[in-house]
Amino acid sequence: VDELLKGGLIEEVYGESSGGRPPQLLSLRTAHPFAIGIDIGKKRTVAATSDLAGRVLEQEEFPTDRDLGKSMDRIIDCARRFIHSSGNSIEGIGVSVPGLVEPIMGTVLHIPHLDWHRPDITQRLSTLTGLPVRAENDANAAALAELWFGRPEISEVRDFITVLIDNGIGTGIVFDGQVYRGKDGVAGEFGHMTIGEGAPVSCSAGRFDCWESFASERSALARFAVLTNNGKNTTFPQLIDRALAGDKHAVTALKQTARYIGIGISSLIQGLSPEVTIIAGAIVRAWPLIADDVKAAADSAICQAYPSSNIMPSTLGPYPTLMGALSLVLANKFASISTH
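Remember, our numbering sits 218 above the position in the sequence shown when you count from 1.
Just so you know, these hints were derived from the structure itself, not from any lab. Please note: incorrect hints may appear among the correct ones.
[What the hints assert, rightly or not] Simulated pairs of lysine-lysine, DSS-like, Cα-Cα distance not exceeding 25 Å:
hint	residue 1	residue 2
1	K260	K450
2	K288	K261
3	K450	K473
4	K450	K261
5	K288	K260
6	K466	K450
7	K466	K513
8	K473	K513
Using the sequences and the hints given, assemble the complete structure.
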């Protein structure tokens with residue numbers, strides 16, 4: 219307790235007296251912003267502050283500019299405003315990116331959908347804000363957030379996989395309560411495993427046989443465009459809105475995509491045997507429509523006598539990777555205290 223008090227993680231509070239001395243209680247310090255999380259997406263960037271409990275206090279969203287310099291200027295300006303409005307109580311910045319991150323130094327190596335090669339994100343952000351900065355692949359960040367903020371049946375599980383459905387597909391692997399990154403941080407690139415031929419869209423590498431080319435948001439939109447002979451300007455959130463409103467073509471496009479999500483998950487289950495597989499991303503909003511299709515496809519593709527799949531949606535809301543970015547700061551703080 220002394221270490222936690224000295225580290226600023228908890229504070230003393232007093233409970234109600236029942237006749238004697240008021241009991242002295244302990245609580246997480248949540249009076250001030252503690253962390254900044256920045257989720258750099260392929261189309262939009264979301265930034266937020268949170269307290270030690272991960273409660274989002276202030277949030278801002280803006281388009282991601284494919285020009286790295288312009289995006290960084292916007293991110294730095296946003297971070298500085300958060301720091302100023304917090305009264306300088308922020309202790310660190312976490313960054314989630316849809317690309318490859320070197321696991322030891324946290325250097326961002328490549329973000330393929332934005333064509334950013336070795337973008338100087340962490341060092342520049344740290345230099346211009348004066349705060350420590352940690353970066354992580356978006357799927358790994360989402361998996362870390364599940365460890366910190368997920369429902370008990372997830373956060374108390376030691377081995378699970380988070381499947382992040384976006385323009386592509388990323389997977390965050392947790393073994394024994396730790397995010398597994400593998401050699402050079404490239405573990406979890408299951409979005410590029412081959413599951414068929416003639417997908418409706420190409421993957422980020424230009425192939426038409428990868429899991430993400432069959433089961434990503436882009437593939438669902440391509441199916442909808444074919445079904446309607448139009449729909450090319452429809453966004454994925456709009457597709458979900460249409461499906462929830464009963465649009466049969468939108469429902470069909472999502473269910474066809476859900477089938478391929480399940481087929482890919484079957485390979486993860488047979489290869490890694492996780493206790494739980496978590497689906498994260500905007501598609502979770504359509505879970506009541508697609509849950510049976512995902513689970514049926516996964517079960518049918520799993521060999522006989524193998525345990526049935528345990529697949530559930532994320533409960534982290536619309537921004538699981540933002541929560542992951544915030545988790546990077548919180549995890550680092552708690553880890554530093556626990557090693558003293």
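Practice problem: Quick one: which hint numbers does this structure break? Sort them smallest to largest. | Solution: none
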